[in-house]
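Here the protein sequences line up with chains G and H, keeping their order. Under the UniProt record's numbering, the first residue of the first sequence carries the number 1, and numbering increases by one thereafter. Under the UniProt record's numbering, the first residue of the second sequence carries the number 1, and numbering increases by one thereafter.
Honestly, I wouldn't trust all of these hints.
[Claimed, not checked] Derived pair list, reagent style BS3-like, types lysine-lysine, alpha-carbon separation capped at 25 angstroms:
1. K480(G) x K432(G)
2. K682(G) x K293(G)
3. K581(H) x K566(H)
4. K204(G) x K204(H)
5. K721(H) x K708(H)
6. K293(G) x K683(G)
7. K204(G) x K173(H)
8. K173(G) x K204(H)
9. K307(G) x K683(G)
10. K297(H) x K683(H)
11. K493(H) x K515(H)
12. K173(H) x K173(G)
[Claimed, not checked] Derived DEER-like restraints, expressed as beta-carbon distance ranges:
13. L457(G) x W70(H): 35 to 43 angstroms
14. G277(H) x N328(G): 34 to 42 angstroms
15. A220(G) x E429(H): 46 to 54 angstroms
16. D448(H) x N156(G): 28 to 36 angstroms
17. Q345(H) x G344(G): 28 to 36 angstroms
18. A717(G) x G277(H): 52 to 60 angstroms
19. G277(G) x W70(H): 54 to 62 angstroms
Hints in this document: simulated from the structure, not taken from any laboratory. Everything numeric in this text was worked out from a predicted model, so none of it was measured. The beta-carbon is built from N, C-alpha and C at its ideal position, and this holds for glycine as well.
Number of protein chains: 2
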Amino acid sequence: MEIMKKQYLWALALCGLGHAVSAQDVARYVDPFIGTGAVAQSLSGNNYPGATVPFGMVQLSPDTREAPDWGQASGYDYNDKTIFGFSHTRLSGTGASDFIDILMLPMNENRKESRFTHEKEDAVPGYYRVLLQDDSINAELTATGRVGVHRYTYYNKEKASKVFLDLDHSANKGSWGRRVINAQIRQVGPSAIEGYRIITGWGKLRKIYFYAEFSQPIVASEMMNDNRTHRDIAVVNGTNLKAVFDFGRQDVVECKLAISPVSIENARLNLRTEADGKSFDAIKSQAYEAWNKELGKMQVESGEHEKEIFYTALYHTMIQPNVMSDANGEYMAADYSVRRLPVGQVHYSTFSLWDTFRAAHPLYTMLEPERSTDFVNSMIRQYDYYGYLPVWQLWGQDNYCMIGNHAVPVVADAILKGLPGIDVDKAYEAVKMSLTTPHLNSPFEIWDQYGYMPEDLQTQSVSITLEQSFDDWCAAQLAKHLNKAKDYEFFMKRSAYYRNLHHPETKFFQPKNSKGEWILPFDPYKYGANGGYPFTEGNGWQYYWYVPQNIPDLIGLTGGEDAFCKRLDEFFTSDQTSGEKNDNASGFVGLYAHGNEPSHHVAYLYAMAGQPAKTQQLVDHIKRTLYNTSSSGYAGNDDCGEMSAWYVFSALGFYPVNPASGEYVIGSPTVDHAEIMLPGGKKFAIVVKRKGGVGAVYVKSIRLNGRKLDGYVLKHADIMKGGTLEFELTAKPKGKILDLR
Amino acid sequence: MEIMKKQYLWALALCGLGHAVSAQDVARYVDPFIGTGAVAQSLSGNNYPGATVPFGMVQLSPDTREAPDWGQASGYDYNDKTIFGFSHTRLSGTGASDFIDILMLPMNENRKESRFTHEKEDAVPGYYRVLLQDDSINAELTATGRVGVHRYTYYNKEKASKVFLDLDHSANKGSWGRRVINAQIRQVGPSAIEGYRIITGWGKLRKIYFYAEFSQPIVASEMMNDNRTHRDIAVVNGTNLKAVFDFGRQDVVECKLAISPVSIENARLNLRTEADGKSFDAIKSQAYEAWNKELGKMQVESGEHEKEIFYTALYHTMIQPNVMSDANGEYMAADYSVRRLPVGQVHYSTFSLWDTFRAAHPLYTMLEPERSTDFVNSMIRQYDYYGYLPVWQLWGQDNYCMIGNHAVPVVADAILKGLPGIDVDKAYEAVKMSLTTPHLNSPFEIWDQYGYMPEDLQTQSVSITLEQSFDDWCAAQLAKHLNKAKDYEFFMKRSAYYRNLHHPETKFFQPKNSKGEWILPFDPYKYGANGGYPFTEGNGWQYYWYVPQNIPDLIGLTGGEDAFCKRLDEFFTSDQTSGEKNDNASGFVGLYAHGNEPSHHVAYLYAMAGQPAKTQQLVDHIKRTLYNTSSSGYAGNDDCGEMSAWYVFSALGFYPVNPASGEYVIGSPTVDHAEIMLPGGKKFAIVVKRKGGVGAVYVKSIRLNGRKLDGYVLKHADIMKGGTLEFELTAKPKGKILDLR
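Whole structure, please, built from the sequences with the hints as guidance.
See below:
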């Protein structure tokens, strides 16, 4: 996008202002507008362009929808022409919407929205600005971890400078039984306000307290409670609250608004701790530098276009999980009580685990090992108060979205990779209890009785059987690591339960009922959504490949490597499409749907079955055709950075097919050169020698620290030691490739 | 009721067991079944017969309704034949239902209810027992402040002894948008369980945590989440949770279940603090003694029938307000954050102020001065976090039920009566802010602009105008007390706003619109409910009398004492009834409706207008005909003890017509002799000399400390000094009386 150049100049200007910037300014490659709006028939990434810092609690961004929902879950759609205001929290890339708390809109006349154009809109990591055309106001946003910072420049000198605050604005109230339970707005000083709202929705009980300071005194105010407007009052309580603060004629009004999930006092403390005495520009610069520090952990040489995709993807992986504890360590536990962390710890939430266990969490173990420990400990805190690890957690509480228990691979992977700071015995207890205490979509008594999920007793049965087998395998590895032989056997037995749904003739994973009978007829092209069908957001073809813990066995079940590859060929080239596609299915390569996660590892399977050239061909194809720098830069929802994490790994040249194995399968790198900055000052370099131009995507040789690599497996431990991985790429595949139209 | 005798014997037996009991056992006069069920066309008092201690957090009682609502708000109806179980919280006497948390039912076979009969059901203060016929189980209940204690005796020796736990059971989910937000049941030891439920309803956000210990180990369990049942699992989370705990064959299973509004840890602490190591019988005895101590503050001689009504009424006044802080002083503040009290303080809630400001709170200032201070400080805590004093508060939060700001008379009365321990400046600030910060049904900008509530801008306008004028008068008295002359003038001016709705010709308080025009036609017989009409749960006739702050002015507006009394005569004798009676209107004497609060002071007005004999006749009539010892012993909802407080005062012979004036108007006593035990060991005696048998209800003379009392006013200060009030009663009225058919 064009704005990148402007921002690059601006970023350079920042350096001139004397702010310390990283040796290499990689944040300038991030375009926060990528993924923010579908074009043609694509899906939106459901990303947002606003201001946040890495893993921050605040995501301050424009809402172009009055009531964001599935299609515009982050609140923003690049195709929209109107901004309703800037709310302080949101999810990045999800299919369902929630958060969207505490909206502010600067204005002259009382209004609820303003037109805008992309010509007068910019964003870089940690900073967003837009010209609100109706009143001619420049709105700039930046953030610290728990504080949203606004700078509104009013160009109309004839009219009062006002700020509209809306505590009713939220994700669509028609979804998830969402409703505001109670809210408050209170003026507590000439230029200070505070309040909260308690809301139920996708997050069952979210309390959001805020404290805000304006740079100018409030000279008049209106507070609205439902349909009644009160002038110049101190406080208003209710379920549908709005306010207008009038600052008289001002050129600029700034606002620092801190949030807390615990109390107004904590919101105030968060503001004092993070933003007191700092100018808008200083905070903006600090936010940018925080991004540069995180993004700079990957130093990549590549084409400018590819760098923009790469660093924006990396940026999107670091927007969540979100800090969910206050500056004093208090947080709302999974049992809705307030608790305090040991000093130095941070509580995180926003765990979209069905998505992020695949690639995002493995990426965090490499780039963010300390934070990965915090993530795991945060998940274990749910176990403490909830009895099992999270399934899909937001604002500190489980919403059970999707299937499986994919905190287990995350916890197992962290421990098996040796991340310090985890109480391993307790973590194992949490894993074991999570896989033996039945809960929604995880009826383990049925699992243990039948050796599969019978569709008549548990819908989404085939998908759950496949994914749960993997989670059990992860638990088994952890049991082995801890010398718990009996538990290892128990979980290993379960980890093969996928076999019980493998149909020996059709060679599909197919649903059975509780009598052990195949449920017929079976249509491998027919999609399920999230219940009522044996498959979850996919079909029999897409789920066929989900045995990451034992691909050799899957190859065997399919009839050997040739049969397996032939079947993969059909998968990637079939032009058969079902009339009942799931909304989440998009980004097709044949039957492969890159727009949703069940397909994500499949392109790498050829490399595990003797036909690596097809893996190389496909990952190149997917990177080139299903990622771009437009607002529709993703093939589907980014899903809290998972779609991005696939790109980051695949651009480096490898991918965690089994995300808890400590191994990566090698594909084909996009980068020309990359350095991964590792803990302890170590570096892992990826060096690519390319012969044959753009089409040189096929691996001729791979060397690790100068030695030829046998096969296509790279060990995580080898990366973490530091070293060099050298690729020699040519335009000539070793072996057959596919005819991809 | 017959059970009284049994319990009397039981109470005597207790003495024999060596428990210290009060000098006089007055608790034996309490019949907890009074007010628990309507007969014929009466209203139920909506009381309940179960176990509680004075002002306790726990109210453990049978629920005879699966989803209690308006008609059986306390969960129990004496007319029912089935018990669903025993839940731990409820409201006493309200018209709307809420609480009804954490239901338990003992059983052999899995079942959801059991038949019972009143022949096998008893109750005394702090103790309830019933035979559950379907399984032949004797269920006994007692309580400490924060712990419900169950003793289940299973007579069937062939079957397993089980306990059913239901976290879905609640007041009717069809009312107030009620729904369970999340809940948990967890087994945490061989005989210990814990959990919580978060629910929204009349109380917008109630968190109820529990911790329970059984006297026997659980040998098997089932936990139900919606329609799925799990055997022998550790924890279940969801919105519709139930469990069955199987103790094998046991003669007796006891359970102590502690609750907390803050956390499971606090529930556990509450159990440890209040119930550890104490037997069921010891706790039962302790509860009974707690009641004897409180009730014994009134030592009354009277007929047995009258004593039963009197002490049951006194008992009902002391069921709430409810302790709402934990043993460690933590509580949920009005902003839904957790806070901790200064050591020694207690936080209370359940303030049904539209009802209880009239007589219950004045009664507390006499009998419970320390608790009255806690009540006032608890209300001021709402001001701290909400910006104004409560309107109707339950579980620590306002539900804005009804109209007016009647915390103001309560706070003003407490301060003007000199109760220690209140920060008077802060209290005044709270009062002033509560009467100047507009909120639901209190649009003060309109009040100040128009000098009345215009019905087109604020419905229930006449009732609000009358009641708000009184609240403003109370604020004025407090301002005067604090030498705030300007505020005094401001509030005194407002306190006369009722005059602006007094129609000079019809001599009714009538609605006006915002143009200052009378809204016609006006029908003084037509009832309003809670919105959409100028009157609240009453009509123009019933609201005519609501100028307690200036009865002389009301007399003047009506045309002098004769015209005033003539109008009262019509009020008490008219046989005209409207076809549109409000549900809350019952207990009629002419147009007077004793079943709802707006009428409550009116019988006493004759004494203020020169015709005291009619007051004496009427209060005697009301006491005799509208109170009795049946399940339908009240003429309407007891409304958190307000109907009871009317009786207590009226039986003693006086009533607080203006509840913040420090004065009582004298009626006609029922008691033969009474001693009120006052702080500091003082006593105030009421001595009644009656000549002329049952009909001797007319005052011949009144002497205070030996001196003849002029007029019919008794000062609160004179009571609190200690002394004697002597009545000489005859059957002959001084002056005319009414023809009451």
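- [ ] Evaluate the given range 46 to 54 angstroms for the C-beta pair formed by A220(G) and E429(H).
- [x] Given range 46 to 54 angstroms: violated, Cβ gap about 23 angstroms.
Open item on the list: Just to be careful, I want the Cα atoms of K204(G) and K204(H) compared with a cutoff of 25 angstroms; is the pair within it?
Closed with: The given pair, whose Cα atoms are some 14 angstroms apart, holds under the 25 angstroms limit.
- [ ] Indicate whether the distance between the beta carbons of Q345(H) and G344(G) respects the range 28 to 36 angstroms.
- [x] holds (34 angstroms)
- [ ] Would you mind confirming whether the straight-line C-alpha gap from K173(H) to K173(G) stays at or under 25 angstroms?
- [x] holds (19 angstroms)
Open item on the list: Does K515(H) sit within 25 angstroms of K493(H), going by the straight-line distance between their CA atoms?
Closed with: holds (21 angstroms)
Open item on the list: Within 28 to 36 angstroms: is that where the Cβ-Cβ distance between D448(H) and N156(G) falls?
Closed with: Between D448(H) and N156(G), where Cβ atoms are some 34 angstroms apart, the hint holds.
TODO: Could you tell me whether the CB distance from G277(G) to W70(H) stays inside 54 to 62 angstroms?
DONE: Given range 54 to 62 angstroms: holds, Cβ gap about 56 angstroms.
Open item on the list: Check the hint pairing K293(G) with K683(G) against an upper bound of 25 angstroms on the C-alpha distance.
Closed with: Holds - the C-alpha atoms of K683(G) and K293(G) are around 15 angstroms apart, at most 25 angstroms.
Open item on the list: For K204(G) and K173(H), compute the direct alpha-carbon distance and say whether it is at most 25 angstroms.
Closed with: holds (17 angstroms)
Task: Straight-line alpha-carbon gap K173(G) to K204(H), limit 25 angstroms - done: Holds, at about 17 angstroms.
Open item on the list: Hint check: K480(G) vs K432(G), CA-CA at most 25 angstroms. Holds or violated?
Closed with: holds (13 angstroms)
Open item on the list: Can you confirm whether the C-alpha distance between K682(G) and K293(G) stays at or below 25 angstroms?
Closed with: holds (16 angstroms)
When each numbered hint is compared with the structure, a violation occurs for hint 15 only.
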